[in-house]
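Protein chains in written order, with our numbering: chain Y, 1 to 342; chain L, 1 to 342; chain E, 1 to 342.
Keep in mind that the hints were calculated from the coordinates and are not lab data.
Among the hints, a few may not be true.
Because identical chains cannot be distinguished in the list, a pair is counted as satisfied if it fits within a single copy or across any two copies.
As the list claims (entries may be wrong) - Within a straight-line C-alpha distance of at most 27 Å, the following computed BS3-like cross-link-like pairs (lysine-lysine) qualify:
{"no.": "1", "residue 1": "Lys-58", "residue 2": "Lys-19"}
{"no.": "2", "residue 1": "Lys-5", "residue 2": "Lys-67"}
{"no.": "3", "residue 1": "Lys-317", "residue 2": "Lys-285"}
{"no.": "4", "residue 1": "Lys-296", "residue 2": "Lys-132"}
A quick note: this is a predicted structure, and the numbers were derived from the prediction, not measured.
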Amino acid sequence: MSIKKSYTLEELANLIDAKLVGDASCIISSIGTLAHATTGQVSFLSNPAYTDQLATCKASAIIVDEKNSLNCKSSKLISSDPYLSFAKATRLFDNRPAPEPGVHPSAVVHETAELAPGVAVGANAVIGAHVKIGANSSIGPGCLIESNCQIGEGCRIYGNVTLYHSVKLGSNVIINSGSVIGADGFGFASDGRQSHKIHQLGSVQIGDNVDIGAGTTIDRGAIEDTIIEMGVKIDNQVQIGHNCHVGEHTIICGCVAIAGSVTIGKHCIMGGASGAVGHITIADKVQVSAMSLVSKSISEPGMYSSGTGHMKTSVWKRNIVRFQQLDSIARRLKDLEKHETK
Amino acid sequence: MSIKKSYTLEELANLIDAKLVGDASCIISSIGTLAHATTGQVSFLSNPAYTDQLATCKASAIIVDEKNSLNCKSSKLISSDPYLSFAKATRLFDNRPAPEPGVHPSAVVHETAELAPGVAVGANAVIGAHVKIGANSSIGPGCLIESNCQIGEGCRIYGNVTLYHSVKLGSNVIINSGSVIGADGFGFASDGRQSHKIHQLGSVQIGDNVDIGAGTTIDRGAIEDTIIEMGVKIDNQVQIGHNCHVGEHTIICGCVAIAGSVTIGKHCIMGGASGAVGHITIADKVQVSAMSLVSKSISEPGMYSSGTGHMKTSVWKRNIVRFQQLDSIARRLKDLEKHETK
Amino acid sequence: MSIKKSYTLEELANLIDAKLVGDASCIISSIGTLAHATTGQVSFLSNPAYTDQLATCKASAIIVDEKNSLNCKSSKLISSDPYLSFAKATRLFDNRPAPEPGVHPSAVVHETAELAPGVAVGANAVIGAHVKIGANSSIGPGCLIESNCQIGEGCRIYGNVTLYHSVKLGSNVIINSGSVIGADGFGFASDGRQSHKIHQLGSVQIGDNVDIGAGTTIDRGAIEDTIIEMGVKIDNQVQIGHNCHVGEHTIICGCVAIAGSVTIGKHCIMGGASGAVGHITIADKVQVSAMSLVSKSISEPGMYSSGTGHMKTSVWKRNIVRFQQLDSIARRLKDLEKHETK
Numbered sequence: 001m002s003i004k005k006s007y008t009l010e011e012l013a014n015l016i017d018a019k020l021v022g023d024a025s026c027i028i029s030s031i032g033t034l035a036h037a038t039t040g041q042v043s044f045l046s047n048p049a050y051t052d053q054l055a056t057c058k059a060s061a062i063i064v065d066e067k068n069s070l071n072c073k074s075s076k077l078i079s080s081d082p083y084l085s086f087a088k089a090t091r092l093f094d095n096r097p098a099p100e101p102g103v104h105p106s107a108v109v110h111e112t113a114e115l116a117p118g119v120a121v122g123a124n125a126v127i128g129a130h131v132k133i134g135a136n137s138s139i140g141p142g143c144l145i146e147s148n149c150q151i152g153e154g155c156r157i158y159g160n161v162t163l164y165h166s167v168k169l170g171s172n173v174i175i176n177s178g179s180v181i182g183a184d185g186f187g188f189a190s191d192g193r194q195s196h197k198i199h200q201l202g203s204v205q206i207g208d209n210v211d212i213g214a215g216t217t218i219d220r221g222a223i224e225d226t227i228i229e230m231g232v233k234i235d236n237q238v239q240i241g242h243n244c245h246v247g248e249h250t251i252i253c254g255c256v257a258i259a260g261s262v263t264i265g266k267h268c269i270m271g272g273a274s275g276a277v278g279h280i281t282i283a284d285k286v287q288v289s290a291m292s293l294v295s296k297s298i299s300e301p302g303m304y305s306s307g308t309g310h311m312k313t314s315v316w317k318r319n320i321v322r323f324q325q326l327d328s329i330a331r332r333l334k335d336l337e338k339h340e341t342k
Numbered sequence: 001m002s003i004k005k006s007y008t009l010e011e012l013a014n015l016i017d018a019k020l021v022g023d024a025s026c027i028i029s030s031i032g033t034l035a036h037a038t039t040g041q042v043s044f045l046s047n048p049a050y051t052d053q054l055a056t057c058k059a060s061a062i063i064v065d066e067k068n069s070l071n072c073k074s075s076k077l078i079s080s081d082p083y084l085s086f087a088k089a090t091r092l093f094d095n096r097p098a099p100e101p102g103v104h105p106s107a108v109v110h111e112t113a114e115l116a117p118g119v120a121v122g123a124n125a126v127i128g129a130h131v132k133i134g135a136n137s138s139i140g141p142g143c144l145i146e147s148n149c150q151i152g153e154g155c156r157i158y159g160n161v162t163l164y165h166s167v168k169l170g171s172n173v174i175i176n177s178g179s180v181i182g183a184d185g186f187g188f189a190s191d192g193r194q195s196h197k198i199h200q201l202g203s204v205q206i207g208d209n210v211d212i213g214a215g216t217t218i219d220r221g222a223i224e225d226t227i228i229e230m231g232v233k234i235d236n237q238v239q240i241g242h243n244c245h246v247g248e249h250t251i252i253c254g255c256v257a258i259a260g261s262v263t264i265g266k267h268c269i270m271g272g273a274s275g276a277v278g279h280i281t282i283a284d285k286v287q288v289s290a291m292s293l294v295s296k297s298i299s300e301p302g303m304y305s306s307g308t309g310h311m312k313t314s315v316w317k318r319n320i321v322r323f324q325q326l327d328s329i330a331r332r333l334k335d336l337e338k339h340e341t342k
Numbered sequence: 001m002s003i004k005k006s007y008t009l010e011e012l013a014n015l016i017d018a019k020l021v022g023d024a025s026c027i028i029s030s031i032g033t034l035a036h037a038t039t040g041q042v043s044f045l046s047n048p049a050y051t052d053q054l055a056t057c058k059a060s061a062i063i064v065d066e067k068n069s070l071n072c073k074s075s076k077l078i079s080s081d082p083y084l085s086f087a088k089a090t091r092l093f094d095n096r097p098a099p100e101p102g103v104h105p106s107a108v109v110h111e112t113a114e115l116a117p118g119v120a121v122g123a124n125a126v127i128g129a130h131v132k133i134g135a136n137s138s139i140g141p142g143c144l145i146e147s148n149c150q151i152g153e154g155c156r157i158y159g160n161v162t163l164y165h166s167v168k169l170g171s172n173v174i175i176n177s178g179s180v181i182g183a184d185g186f187g188f189a190s191d192g193r194q195s196h197k198i199h200q201l202g203s204v205q206i207g208d209n210v211d212i213g214a215g216t217t218i219d220r221g222a223i224e225d226t227i228i229e230m231g232v233k234i235d236n237q238v239q240i241g242h243n244c245h246v247g248e249h250t251i252i253c254g255c256v257a258i259a260g261s262v263t264i265g266k267h268c269i270m271g272g273a274s275g276a277v278g279h280i281t282i283a284d285k286v287q288v289s290a291m292s293l294v295s296k297s298i299s300e301p302g303m304y305s306s307g308t309g310h311m312k313t314s315v316w317k318r319n320i321v322r323f324q325q326l327d328s329i330a331r332r333l334k335d336l337e338k339h340e341t342k
């Protein structure tokens with residue numbers, strides 16, 4: 001089992017870039033929510049909706065900004081960015097079991113694969129020919145890493161992930177279980193009767209510090225590579241089509257569907273279950289709201305949405321009938337306006 | 001191969017809580033649809049759309065309600081709830097191969113794992129340290145059960161499922177292939193330049209009698225646990241974010257996307273490919289129609305929808321242009337009405 | 001590593017059904033895009049948006065139609081269907097590693113399984129009882145093929161795929177990693193308090209030349225089989241519910257969600273992330289645009305859409321308020337029109 005770590009508040013303050021006001025020697029051994037934290041725990045306030053809970057929070061210390069620190073009864077860890085300090089704290093208290101370096105005897109590693117020092121390969125993993133894995137990277141149980149893949153240093157590939165041949169990962173990449181990187185892009189030429197497969201000759205390149213969730217699929221390119229730049233964060237069950245190019249530090253939430261040959265800029269946010277049709281370009285710093293479809297290129301930063309918002313089904317049924325009459329409604333209104341102004 | 005079971009109509013009537021009118025000794029060996037059933041099969045009517053097929057159905061017996069039993073030529077199994085009686089019959093005729101108790105020699109089971117009597121562990125499955133598995137549960141081939149997981153009695157985990165560390169399942173839980181339970185929730189704090197991971201310190205708790213489909217992902221909580229209460233039924237490719245709480249007996253259809261920290265009540269139905277944005281609460285007995293997005297909390301039971309309904313693309317193109325003018329249309333209409341009433 | 005193949009332009013022209021105008025002995029060793037191809041590569045023009053790039057393309061040869069061939073400076077491979085000729089060329093230059101025939105020593109193959117000559121079974125794959133696999137088919141590492149499955153000739157099942165018991169595949173079927181074929185359909189009968197499972201007694205039948213992407217799920221039928229006809233192409237993360245019937249040569253793009261008992265005709269295209277509610281029928285040659293929901297049967301061929309198109313969120317927020325007033329807007333407009341005509 002993993003070892004739970006403890007810190008004095010003084011140590012903690014230093015480690016999370018906060019200023020301590022309170023008992024420097026108090027021992028903190030875990031993190032709790034404002035509502036449920038108890039003695040020995042640190043909590044945090046970042047969402048203003050929970051400000052009221054400061055007064056009743058039973059944590060030994062709370063990570064807050066200067067302004068809200070006045071309302072804490074406990075010790076305070078004052079931070080200019082409490083959410084970022086909280087993120088640092090979660091790292092300190094992470095109790096996730098670390099993979100053991102070495103190759104599990106049940107793993108099948110091709111004799112030509114090159115594993116740097118500190119690499120862990122889990123039980124029943126399969127590593128193909130000419131694969132290169134950088135120092136301190138781990139490949140979880142049941143993973144399949146096909147031939148010629150290159151994996152950087154410090155990567156964590158959880159169990160049951162599949163990398164098709166020749167996929168390249170940078171360093172410190174995380175890929176969660178069930179994800180599939182480098183399957184064929186979806187390309188067919190029709191002769192009018194049937195579909196002829198376009199063999200996908202490119203691969204996938206994934207930059208440093210990219211996180212990929214569970215059950216996500218990123219297809220290999222048709223001729224050139226699909227590219228995910230450094231710092232991109234991708235949630236679960238995202239689909240990224242062949243020859244997409246996702247810019248640095250963009251965030252792609254769960255269940256997003258990106259068709260092929262889409263270029264997404266840097267520092268974008270694709271909201272949950274949103275999508276983009278193929279062969280379009282989305283500018284830097286675009287945010288797309290949940291379940292919205294981007295149906296043509298977006299050239300200006302900003303927030304974009306589609307959809308109708310939810311309503312009682314009884315109300316909705318009447319309105320969708322009218323939606324189908326909307327063009328007629330607009331024309332008839334224009335006619336009335338003409339009459340009016342005569 | 002599995003053994004096909006047969007029952008007399010008398011036995012069958014008792015086993016599915018129906019009243020037999022007809023030949024008690026007739027042997028039934030399988031189930032057929034009204035359209036295609038033949039001699040030796042039992043069929044059923046629950047969807048009124050198929051009532052006409054009663055007259056021509058060639059089954060030896062039909063499960064029907066009292067009213068429709070008059071139209072059957074065959075023997076009748078009269079039930080106050082034919083669909084429920086049909087469900088019971090499907091269980092009787094289930095020909096699915098049962099996993100053999102015992103640990104397959106190719107499985108890798110940590111020496112500290114505790115397996116109760118009757119547990120089956122399939123080929124090439126991997127069971128981590130301190131895992132506890134209750135009596136008569138089965139772990140399919142290729143599964144990864146990480147350390148400290150607890151699995152109740154009578155669970156059936158199909159092949160190639162991944163449970164991350166410390167996930168807890170109740171009893172009689174079913175999880176289908178490719179599903180991933182307990183991967184990290186999607187949490188990052190941005191410093192304006194890049195994203196810092198919020199390590200996910202909670203886990204996932206799944207109650208008794210929960211069914212989970214194939215390719216579904218349920219993320220572990222950030223601080224506290226993600227919770228799926230007893231009797232919840234979840235279909236394929238559903239995504240449930242960190243710290244969600246899904247109430248008892250709620251049904252979540254295929255491809256539903258639930259963002260983080262969503263509370264869903266009891267006895268709800270989330271229609272296929274519907275979704276919910278994060279940090280909202282949905283009351284008990286809410287039904288959300290297919291591909292609808294719940295974009296804020298719902299406090300009243302009832303049916304909710306979003307979207308426009310489909311139409312010919314030629315018609316749709318005209319109407320979506322008008323949708324973007326809708327606020328203007330409404331204002332102009334109001335202006336006209338003012339003129340009118342002057 | 002795979003061997004890269006080279007062809008003279010004369011050979012290439014014959015193999016892709018094109019007419020050569022240029023240097024017959026020129027050696028071509030790979031494919032490049034119009035923008036990035038260099039000497040020794042062949043490129044192609046099929047999307048008119050790229051016509052301008054012909055003039056500057058550095059490829060040794062370009063696949064074009066008669067009309068555009070006038071603008072090429074390189075050798076030309078003139079085809080009546082350049083995209084189809086390009087598809088044929090991708091096959092020639094495919095450098096994907098081929099699975100080696102034979103059973104990997106770590107694979108677990110049941111003694112009753114029947115493997116035809118040329119079958120490859122990858123490392124740690126598990127093959128159940130009475131499975132039959134046709135000549136030259138390959139089962140990737142980590143796959144689970146449950147008992148009684150039948151797989152035709154020349155199929156390629158990539159790693160970590162799961163086939164539940166009794167699934168039948170035709171010949172030349174491709175299934176990509178993480179896909180699950182034959183998990184239980186989502187069927188429950190409610191007694192008002194809880195849900196009773198309807199055991200799924202059917203299976204799945206998949207025709208010849210069907211392609212299935214990564215992370216796709218196709219459920220087994222409740223009583224009869226789910227059927228995917230020959231030549232159907234299915235992308236990643238598609239969900240097909242129990243008892244669906246998908247007609248020949250239909251194309252289903254990524255993230256499509258099809259509920260149970262849907263009949264889809266032949267030569268249809270379901271756009272990315274589109275969906276269909278249960279128990280409906282979609283005619284032949286229907287095209288559904290991206291993220292559209294088919295909410296009732298479609299009896300006429302043609303293109304169908306739903307949704308609102310995306311817009312700036314600020315504009316959208318005003319319009320969705322009006323959407324909820326749409327029925328009222330339509331009625332008030334009608335009232336005004338009545339007044340007007342008096």
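>> I'd like to know which numbered hints this structure contradicts. Please list them from smallest to largest.
In response: 2, 4
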